[in-house]
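Line order of the protein sequences matches chains A and B.
Okay, so the first sequence: first residue is 1 according to my numbering, each after it adds one.
Okay, so the second sequence: first residue is 1001 according to my numbering, each after it adds one.
Simulated from the structure, these hints should not be mistaken for laboratory data.
Incorrect hints may have been included.
Label pairs and their calculated CB-CB ranges [as the list claims (entries may be wrong)]:
no., chain 1, residue 1, chain 2, residue 2, range
1, A, Lys-14, B, Thr-1067, 22 to 28 Å
2, A, Asn-84, B, Ala-1081, 18 to 24 Å
3, B, Ser-1039, A, Gly-3, 38 to 44 Å
4, A, Thr-86, B, Gly-1093, 44 to 50 Å
5, A, Gly-3, B, Ala-1095, 42 to 48 Å
6, B, Leu-1011, A, Lys-9, 27 to 33 Å
7, B, Ser-1012, A, Thr-20, 35 to 41 Å
8, A, Asn-26, B, Gly-1059, 23 to 29 Å
9, A, Ile-60, B, Gly-1094, 18 to 24 Å
10, B, Gly-1059, A, Thr-20, 25 to 31 Å
11, B, Ala-1081, A, Val-52, 39 to 45 Å
12, A, Asp-30, B, Arg-1050, 18 to 24 Å
13, A, Pro-39, B, Ser-1012, 15 to 21 Å
Sample of chain A residues facing chain B (criterion: CB under 10 Å; computed from the structure) [said to hold, decoys possible]:
no., residue
14, Tyr-48
15, Val-52
16, Ala-92
Here the structure is a predicted model, which is why all the values come from computation and not from measurement.
Just so you know, even glycine gets a beta-carbon here, dropped at the ideal spot from N, CA and C.
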Amino acid sequence: DGGITQSPKYLFRKEGQNVTLSCEQNLNHDAMYWYRQDPGQGLRLIYYSQIVNDFQKGDIAEGYSVSREKKESFPLTVTSAQKNPTAFYLCASSSGGVRTEAFFGQGTRLTVV
Amino acid sequence: SQQGEEDPQALSIQEGENATMNCSYKTSINNLQWYRQNSGRGLVHLILIRSNEREKHSGRLRVTLDTSKKSSSLLITASRAADTASYFCAPSGGATNKLIFGTGTLLAVQP
Chain A
1 DGGITQSPKY LFRKEGQNVT LSCEQNLNHD AMYWYRQDPG QGLRLIYYSQ
51 IVNDFQKGDI AEGYSVSREK KESFPLTVTS AQKNPTAFYL CASSSGGVRT
101 EAFFGQGTRL TVV
Chain B
1001 SQQGEEDPQA LSIQEGENAT MNCSYKTSIN NLQWYRQNSG RGLVHLILIR
1051 SNEREKHSGR LRVTLDTSKK SSSLLITASR AADTASYFCA PSGGATNKLI
1101 FGTGTLLAVQ P
C-alpha cells in the first residue's frame, strides 16, 4: 500500500526540549517537503529536499533542522530555538518536484506544554 | 517567491449550488495546482493545469487558467456537504523547486 506516513499523530513536548517528527514515503519520490500550519492559516514551507543528501531552507527554517540520508525518509527536528513550535506539521512528497502532484501525510499536531 | 492568493477567504453556499474560488499570482508559471484540505488532515491533490492549457475538467471540478491576467479559478458544480473543506492553489514557475501555498479559501456547503 503506497503512501506517505507521518508519526506520531499527536506529540507533546516540554519547553526547551528538541523533538523529531517522522516522515516516511514508499512512493519512490525524489522530492520531499515539510510545512507548518497554524490555526486558520495556510501552509508555510520549512524545508524541502529534491534528492537524497541534499535539502534547502524554506521560508521559515529558523529553529528547525532536517536530514535526508535515505530517499524514503525526511525527518524534521523542532529544536528548542523555535520560539513558537505549537502547530500542525505536514510532510509531502512528489516525483517531479513542482512539476507533478504532491502527496501529503496526515500531519503531526505538536503541542508545547 | 511564487505564491498564490486565494479569494474569497471564506465562502458559504447551499448544497446543489456552484462554488467558485479564485487564485491570483504574480510571476510567470509553468503550471498551477489546486489542492483540498479537510479539517485537521493532509492536503489532497485535485488538479494540475499547465501554462499552455486554458481549461481542465475532472468530475465536478472545472479549472481555468488565464496567464495574461495571472489568475486561475476553481469551479465546483452541484456542491455537496462533503465538499466542505479548505482549497489551496500552488502556482509553480521558473527555476524554483519550492512548492508554495497561499492561505486558502474555506468553503462551507450547508445541507
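Legend entry - Verdict for Ala-1081 (chain B), Val-52 (chain A) (Cβ pair) under range 39 to 45 Å: holds (43 Å)
Inset, instruction - May I ask you to test the hint 15 to 21 Å on the CB atoms belonging to Pro-39 (chain A) and Ser-1012 (chain B)? - result: holds (19 Å)
Inset, instruction - Classify the hint on Tyr-48 (chain A) as holds or violated, based on whether any CB of chain B lies nearer than 10 Å to its CB. - result: holds (6 Å)
Legend entry - Outcome of range test on Cβ distance (Ile-60 (chain A), Gly-1094 (chain B); 18 to 24 Å): holds (21 Å)
Inset, instruction - Starting from the range 27 to 33 Å, see whether the pair Leu-1011 (chain B) and Lys-9 (chain A) falls in it by beta-carbon distance. - result: Given about 29 Å between the Cβ atoms, the range holds.
Legend entry - Interface hint compliance - Ala-92 (chain A) to chain B, C-beta minimum distance less than 10 Å: Hint on Ala-92 (chain A): holds, closest Cβ of chain B at ~7 Å, below 10 Å.
Inset, instruction - Using the Cβ atoms, figure out if Gly-3 (chain A) sits within 42 to 48 Å of Ala-1095 (chain B). - result: Given a distance of about 30 Å, which is not inside 42 to 48 Å, the answer is violated.
Inset, instruction - Starting from the range 38 to 44 Å, see whether the pair Ser-1039 (chain B) and Gly-3 (chain A) falls in it by beta-carbon distance. - result: violated (20 Å)
Inset, instruction - Could you check if Val-52 (chain A) really has its C-beta closer than 10 Å to a C-beta on chain B? - result: violated (15 Å)
Inset, instruction - Please test the hint of 44 to 50 Å on the beta carbon pair from Thr-86 (chain A) and Gly-1093 (chain B). - result: Violated: the Cβ-Cβ distance is about 33 Å, outside 44 to 50 Å.
Legend entry - Supplied distance hint 18 to 24 Å, evaluated on CB atoms of Asn-84 (chain A) and Ala-1081 (chain B): violated (35 Å)
Inset, instruction - May I ask you to test the hint 18 to 24 Å on the CB atoms belonging to Asp-30 (chain A) and Arg-1050 (chain B)? - result: holds (20 Å)
This entry does not satisfy hints 1, 2, 3, 4, 5, 10, 15, going by the numbered hints stated previously.
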